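According to numbering that gives the first Met the number 0, the sequence shown is numbered sequentially starting from 0.
Just so you know, these hints were derived from the structure itself, not from any lab. Mixed in with the good hints there might be a few duds.
[To be verified] Each pair of labels, with its calculated beta carbon distance range:
| # | residue 1 | residue 2 | range |
| --- | --- | --- | --- |
| 1 | Leu105 | Leu63 | 24 to 34 Å |
| 2 | Ile46 | Thr4 | 18 to 28 Å |
| 3 | Ser101 | Thr65 | 47 to 57 Å |
| 4 | Thr65 | Pro32 | 26 to 36 Å |
This structure is a prediction, so every number in the text was calculated from the model and none was measured. Idealized CB from N, CA, C, for every residue including glycine.
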Amino acid sequence: MVCRTAFYGMALFTAILQMVFGTLAGFVNGRSPFLHIFGKLAGGMSIVTWVWIAILMSYNHRPLSTHPLCRCYAHFISFTIFGAVWLAVGIMLSTQMPWECSSKTLWCAAASFSSALAFCTSFLSIAAAIVVYRAAARSGAGLAVNVAQACKRELEMDNGN
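Based on the provided sequences and hints, a complete structural model is requested.
Structure follows, in structure tokens:
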């Protein structure tokens with residue numbers, strides 16, 4: 000069994016780093032035409048991302064709760080959306096790197112690292128969505144099951160209970 004909390008934490012970490020480096024890339028006064036816009040967009044999206052992941056993590060281990068944020072559906076949809084959005088942001092940021100890197104300045108590193116963080120956040124979010132989906136599917140109740148109960152049922156099935 001792969002634990003979803005590890006992917007949640009890593010996506011949270013990359014989103015917090017993106018807040019710093021995306022915002023830094025947003026204030027680049029370099030050669031690229033849109034990096035100042037895409038960087039600020041990445042910085043703003045990172046705040047939304049890490050706040051929402053923190054909220055989901057607070058509802059992550061409540062097996063007796065009936066709150067909608069405790070359902071696998073909320074976690075799966077959230078991380079699927081994060082995966083798609085951060086993939087798009089990573090592509091946007093990476094399209095601006097040739098202008099910045101051709102001048103061989105420090106801004107090339109900021110743009111490159113911000114782009115890499117966006118792709119990392121995307122891939123970690125997709126991995127978290129897959130882990131949640133697989134746990135829900137193995138539980139037999141689908142995405143409507145509580146996210147903590149899906150993991151518990153998956154453990155019981157692995158142990159043969």
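Q.
Taking the Cβ atom of Ser101 and the Cβ atom of Thr65, is their distance within the range 47 to 57 Å?
A. Between Ser101 and Thr65, where Cβ atoms are some 56 Å apart, the hint holds.
Q: Could you see if the CB distance from Thr65 to Pro32 stays within 26 to 36 Å?
A: Between Thr65 and Pro32, where Cβ atoms are some 50 Å apart, the hint is violated.
Q. Between Leu105 and Leu63, does the beta-carbon spacing fit 24 to 34 Å?
A. Since the Cβ atoms of Leu105 and Leu63 sit about 52 Å apart, the hinted range of 24 to 34 Å is violated.
Q) Does 18 to 28 Å hold as the CB distance between Ile46 and Thr4, or does it fail? A) Given about 21 Å between the Cβ atoms, the range holds.
Hints 1, 4 from the earlier list are contradicted by this structure; the remaining hints agree with it.
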